[in-house]
Amino acid sequence: MEQYEDIKSELQQELHDLQQNVEQHSSFNNEAWRETVKQSSNELYWLNAFLACVVAVVMIAATVAFALIKWPWWLILLFDLYFGWILADNLFAIIGLRKADVQSREGLLSLRDNINTYSKRKRTIIQVVGIILFLVLEACLFFYDRWSFFAMLIWGALLNGPFGRKRTQEVTKRYDELSEEIDELLKE
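Everything in the sequence shown is counted per this note's numbering, starting at 4 for the first residue and increasing by one.
Accuracy of the hints is not assured; some may be wrong.
As the list claims (entries may be wrong) - Okay, derived cross-link-like pairs now, PhoX-like style, lysine-lysine, Cα gap no bigger than 25 Å in a straight line:
{"#": "1", "residue 1": "Lys-102", "residue 2": "Lys-11"}
{"#": "2", "residue 1": "Lys-169", "residue 2": "Lys-73"}
{"#": "3", "residue 1": "Lys-176", "residue 2": "Lys-41"}
{"#": "4", "residue 1": "Lys-190", "residue 2": "Lys-176"}
{"#": "5", "residue 1": "Lys-41", "residue 2": "Lys-190"}
{"#": "6", "residue 1": "Lys-102", "residue 2": "Lys-190"}
Don't read these hints as lab results, they were simulated from the structure.
Whole structure, please, built from the sequences with the hints as guidance.
Laid out in structure tokens, this is it:
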């Protein structure tokens, strides 16, 4: 009987040691997971901030150039609306990503809400409106300035075609992965 009690106490001690080991590994994985989420959100923030700056510089430079070559104001405004829409897309994407609070449950919920707010449907709507603005701009350029029409058509086909689609798919994938990582953290 005494031998049974010794084995029982030994097994309980081993079980206790195993539980502590699992808790330590779990908290380590949890912290590593949180750090990954923070790093991913920070990378997405800087990517979209950089693209917003590039679009703003292109928009300002193009507006000045088009004013110098005497485009009508309404055509310049249409061009600026198109680029402004792309700029808005990038700015909407960075909301809540800069200093994401990944340590608290409320911070993770807020980050997930920000990511879900910028959902696939919203991105699709922004892309469709951008395409419509681009097509209207192209139609106006066709009747006003054929050289600019062909230059914008080539720019749209080369830059927005394969590169824009690939960039959109990559960013969408990164947002989806970040959302899944946040969901995993919220489960724990």
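We went through each hint and held it up to the structure:
A hinted pair counts as satisfied when its Cα atoms are at most 25 Å apart, and Lys-102 with Lys-11 does not qualify at roughly 50 Å. This hinted pair does not check out: Lys-169 and Lys-73 have alpha carbons roughly 35 Å apart, beyond 25 Å. Straight-line distance between C-alpha atoms of Lys-176 and Lys-41 comes to about 17 Å, which keeps the hinted pair within the 25 Å bound. Simply put, Lys-190 and Lys-176 have alpha-carbon atoms about 21 Å apart, close enough for the 25 Å limit, and the pair holds.
Between the alpha carbons of Lys-41 and Lys-190 the distance comes to roughly 17 Å, so the proposed pair stays at or under 25 Å and holds. With a C-alpha separation of about 22 Å, the suggested pair Lys-102 and Lys-190 falls inside the 25 Å cut-off, and the hint holds.
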